[in-house]
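Same order as they appear, the protein sequences are chains G, U and F.
As numbered in my numbering, residues 1 to 280 make up the first sequence, in order.
As numbered in my numbering, residues 281 to 489 make up the second sequence, in order.
As numbered in my numbering, residues 490 to 698 make up the third sequence, in order.
A portion of the hints provided could be inaccurate.
[What the hints assert, rightly or not] Restraint ranges, calculated between C-beta atoms of paired labels, are given here:
1) Ala122(G) x Asn463(U): 17 to 27 Å
2) Pro453(U) x Ala200(G): 26 to 36 Å
3) Glu437(U) x Asp94(G): 27 to 37 Å
4) Pro468(U) x Gly669(F): 31 to 41 Å
5) Asn463(U) x Ala159(G): 43 to 53 Å
6) Pro677(F) x Ala122(G): 18 to 28 Å
7) Phe108(G) x Pro651(F): 42 to 52 Å
8) Trp154(G) x Cys647(F): 18 to 28 Å
9) Arg235(G) x Asp671(F): 48 to 58 Å
10) Thr523(F) x Arg355(U): 17 to 27 Å
11) Asp36(G) x Cys438(U): 18 to 28 Å
12) Arg382(U) x Leu153(G): 38 to 48 Å
13) Glu441(U) x Gly575(F): 30 to 40 Å
14) Pro651(F) x Ala133(G): 37 to 47 Å
Calculated from the structure, these hints are not laboratory results.
These numbers were taken from a predicted model, which means no experiment stands behind them.
Heads up, the beta-carbon is just placed ideally off N, CA and C, and yes, glycines get one too.
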Amino acid sequence: MESPPLESATGFNVQLENFTGPFDLLLGLISKHELDITEIALAQVTDEFIAYIRAAGESGGEWALDEASEFLVVAATLLDLKAARLLPSGQVEDEEDVALLEARDLLFARLLQYKAFKEVAANLDERLTDESARFPRDVPLEAQFTALLPKLLWKTDAAALAALATKALEPREAVATDVGLDHLHGSTVSVRDEAENLRALLAGGHPHSFRELTADASEILVVVARFLALLEMFRDAVVSFDQVSPLGELTVRWIARDHDWDGSRVREEYDDALPVGGLP
Amino acid sequence: MSEVAGEGTEESTSPRELAGPLEAILMVVGEPVTAQELAEVLEAPVADVELALENLQRDYDGYTGDGTPDSRIGRQRGFELRHVAGGWRIYSRSEFAPVVSRFVTAGQSSRLSQAALETLAVVAYRQPVSRAGVSAIRGVNVDSVVRTLVVRGLVEECGMEPETGSLRYRTTPHFLERLGLDNISELPRIAPHLPGVENLTDMEDSGTY
Amino acid sequence: MSEVAGEGTEESTSPRELAGPLEAILMVVGEPVTAQELAEVLEAPVADVELALENLQRDYDGYTGDGTPDSRIGRQRGFELRHVAGGWRIYSRSEFAPVVSRFVTAGQSSRLSQAALETLAVVAYRQPVSRAGVSAIRGVNVDSVVRTLVVRGLVEECGMEPETGSLRYRTTPHFLERLGLDNISELPRIAPHLPGVENLTDMEDSGTY
Numbered sequence: 001m002e003s004p005p006l007e008s009a010t011g012f013n014v015q016l017e018n019f020t021g022p023f024d025l026l027l028g029l030i031s032k033h034e035l036d037i038t039e040i041a042l043a044q045v046t047d048e049f050i051a052y053i054r055a056a057g058e059s060g061g062e063w064a065l066d067e068a069s070e071f072l073v074v075a076a077t078l079l080d081l082k083a084a085r086l087l088p089s090g091q092v093e094d095e096e097d098v099a100l101l102e103a104r105d106l107l108f109a110r111l112l113q114y115k116a117f118k119e120v121a122a123n124l125d126e127r128l129t130d131e132s133a134r135f136p137r138d139v140p141l142e143a144q145f146t147a148l149l150p151k152l153l154w155k156t157d158a159a160a161l162a163a164l165a166t167k168a169l170e171p172r173e174a175v176a177t178d179v180g181l182d183h184l185h186g187s188t189v190s191v192r193d194e195a196e197n198l199r200a201l202l203a204g205g206h207p208h209s210f211r212e213l214t215a216d217a218s219e220i221l222v223v224v225a226r227f228l229a230l231l232e233m234f235r236d237a238v239v240s241f242d243q244v245s246p247l248g249e250l251t252v253r254w255i256a257r258d259h260d261w262d263g264s265r266v267r268e269e270y271d272d273a274l275p276v277g278g279l280p
Numbered sequence: 281m282s283e284v285a286g287e288g289t290e291e292s293t294s295p296r297e298l299a300g301p302l303e304a305i306l307m308v309v310g311e312p313v314t315a316q317e318l319a320e321v322l323e324a325p326v327a328d329v330e331l332a333l334e335n336l337q338r339d340y341d342g343y344t345g346d347g348t349p350d351s352r353i354g355r356q357r358g359f360e361l362r363h364v365a366g367g368w369r370i371y372s373r374s375e376f377a378p379v380v381s382r383f384v385t386a387g388q389s390s391r392l393s394q395a396a397l398e399t400l401a402v403v404a405y406r407q408p409v410s411r412a413g414v415s416a417i418r419g420v421n422v423d424s425v426v427r428t429l430v431v432r433g434l435v436e437e438c439g440m441e442p443e444t445g446s447l448r449y450r451t452t453p454h455f456l457e458r459l460g461l462d463n464i465s466e467l468p469r470i471a472p473h474l475p476g477v478e479n480l481t482d483m484e485d486s487g488t489y
Numbered sequence: 490m491s492e493v494a495g496e497g498t499e500e501s502t503s504p505r506e507l508a509g510p511l512e513a514i515l516m517v518v519g520e521p522v523t524a525q526e527l528a529e530v531l532e533a534p535v536a537d538v539e540l541a542l543e544n545l546q547r548d549y550d551g552y553t554g555d556g557t558p559d560s561r562i563g564r565q566r567g568f569e570l571r572h573v574a575g576g577w578r579i580y581s582r583s584e585f586a587p588v589v590s591r592f593v594t595a596g597q598s599s600r601l602s603q604a605a606l607e608t609l610a611v612v613a614y615r616q617p618v619s620r621a622g623v624s625a626i627r628g629v630n631v632d633s634v635v636r637t638l639v640v641r642g643l644v645e646e647c648g649m650e651p652e653t654g655s656l657r658y659r660t661t662p663h664f665l666e667r668l669g670l671d672n673i674s675e676l677p678r679i680a681p682h683l684p685g686v687e688n689l690t691d692m693e694d695s696g697t698y
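Whenever a hint applies, use it, and build me the whole structure from the sequences.
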């Protein structure tokens, strides 16, 4: 893929906190160019989307894997569409084109859905603001009435209260984070399985480019699953990445010192099969 | 007005007789109180209590209670009786917010962030929904935002998703009150001009993608 | 009526103009508020505010505002405006006390719920603490539970959090009495785990449990 022209220099502000997610960013880019979602000029918006993610990464922001993954799903879809130059007017020629059209429609559908909720959120904000001008009567109960309440049966001693406080103040167990991939279902692909496939391809052998590693992928989500698997493997220092130019060919090299590493090491949050290509 | 019958022994009570006791009770409530609860305490038919409450509401708005629409001979009060979150409660009238807020400094919650508003919107329209379900629509992890909404009393847990075992969330009565709604069905319809959105659910269910 | 002069720039305000904002404020304040305070916020002469308050009082008692003693043509309200402790506050009218009592006591339990006990424990060990602070610790909204604890006299308001302006709460002497303690420092220490005896005094002094 060619390097993107640095169109972010046109004044689009790179500040992650301005956006609440990939769809928000995409909507922002689309509205900046006064485009209709359904006639989105993919090439330009894709470049800016990628440039934005890059800049956000370089500006020192540390992205959680699950946070980045949704941006990557959107970026991968956009890139694929751009690479295929599959604009809405494109001719459908083979199955691959059909798959891309479906991916595009899925992306647009999710974007429209998000846009609808964003509008509703603005409406809620307005209502909340209007309502905050009214104050409910909420005054302490007069003593003559509190005296009438049934006498409290009190069985709690100081030790019991201390036990309750200990329990309440204990640090909570970290709640397992939900990776926002449940919206994707259909034929199942597991990140863990893909990690195992990648291990079989890479372990002890020659480096492969990411393009080679995903050449046989039937769907975009298989590509995403393999990408996530690679991120996991990178985290475990099983593979190294090499990329000469931004958005250039990504070379993956097996460097595992841990010879026992296999796909089952992939984190539990991927235990559920990564569902491919559906909506919630 | 519902025609829930009171107990057999109850006799019909005129709204005028009920007005005093109702006003007295409304002075001590800390959250919206239902006509049913009031009827039980007053030993009056629910329908009569509802009629009396509606008359009080009109009274505070400056109309007389006789039902003619142009009979605004009274004075509009500085407070109003509102039907929110399924119950009745007295509020200061919004036009006096600048002076009232000088006395009520506590309990004025800060504005919700954009992320919190969007998450609240998804929960409101998709309830009961899991955090994963909200994430799917917003495209980001929503765990901490949902926690904030729970702490602020706008959203609460309501059981588990049978398939996945993950917790589901719904909006609370406090959410309705904060929005000034009686019922969740009073929320504006979501983007009626986007027919695609309604179809999304079908697409989701069919899993054909 | 006192003749405290307002500021020179203030113009006389009619009681009728003042009635709305006064009612709005009086309906939501929890403590008696003085005519002076009201006059400052309303930017009106104290004398005018006092006159308007007296008119409101008569209005709620069922008289018209023109001052003639026998002009009881309005309806006596279920609430009344009382001048107590140097200030003004709206109360439920005393003749309706029986029905208000029935409402207040209906369904009240003689036991504290588990949620109330846990909240009480958190307040005891983290006081002074805001409701939001307790909510964040417990992971649920605690507004109504704290209200119960206040009504039960176990917990009380104690000023505002400087950063957020939200009310903070602490336990009451009645709470200590219930536990059979003289002093809050007699509560069993809960953290850090197994602290040496010598640390005890420091912890008590610093007020951090």
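Quick rundown of the hints versus the structure:
Look at Ala122(G) against Asn463(U): about 21 Å separates their beta carbons, and that is inside 17 to 27 Å. The given range of 26 to 36 Å is broken by Pro453(U) and Ala200(G), whose C-beta atoms sit roughly 56 Å from each other. Taking 27 to 37 Å as the suggested C-beta distance range, the pair Glu437(U) and Asp94(G) does not conform, at roughly 48 Å. Between Pro468(U) and Gly669(F) the Cβ separation comes to about 56 Å, which falls outside the hinted range of 31 to 41 Å.
In this structure the hint that Asn463(U) and Ala159(G) lie 43 to 53 Å apart at CB holds, the actual value being about 46 Å. Taking 18 to 28 Å as the suggested C-beta distance range, the pair Pro677(F) and Ala122(G) does not conform, at roughly 50 Å. Between Phe108(G) and Pro651(F) the C-beta distance comes to about 49 Å, which sits within the given range of 42 to 52 Å. Under the hint 18 to 28 Å, the C-beta atoms of Trp154(G) and Cys647(F), about 23 Å apart, fit the expected range.
For the pair Arg235(G) and Asp671(F), the supplied restraint of 48 to 58 Å holds, since their beta-carbon distance comes to about 56 Å. Between Thr523(F) and Arg355(U), the C-beta spacing of about 24 Å keeps the proposed range 17 to 27 Å intact. The hinted window of 18 to 28 Å between Asp36(G) and Cys438(U) is violated, with their beta carbons roughly 39 Å apart. For the pair Arg382(U) and Leu153(G), the beta carbons lie near 42 Å from each other, so the given range of 38 to 48 Å is met.
At about 58 Å, the CB distance of Glu441(U) to Gly575(F) disagrees with the hint of 30 to 40 Å. Between Pro651(F) and Ala133(G) the CB atoms are about 25 Å apart, so this pair departs from the stated range of 37 to 47 Å.
Taken one by one, the earlier hints fail for this structure at numbers 2, 3, 4, 6, 11, 13, 14, listed in ascending order.
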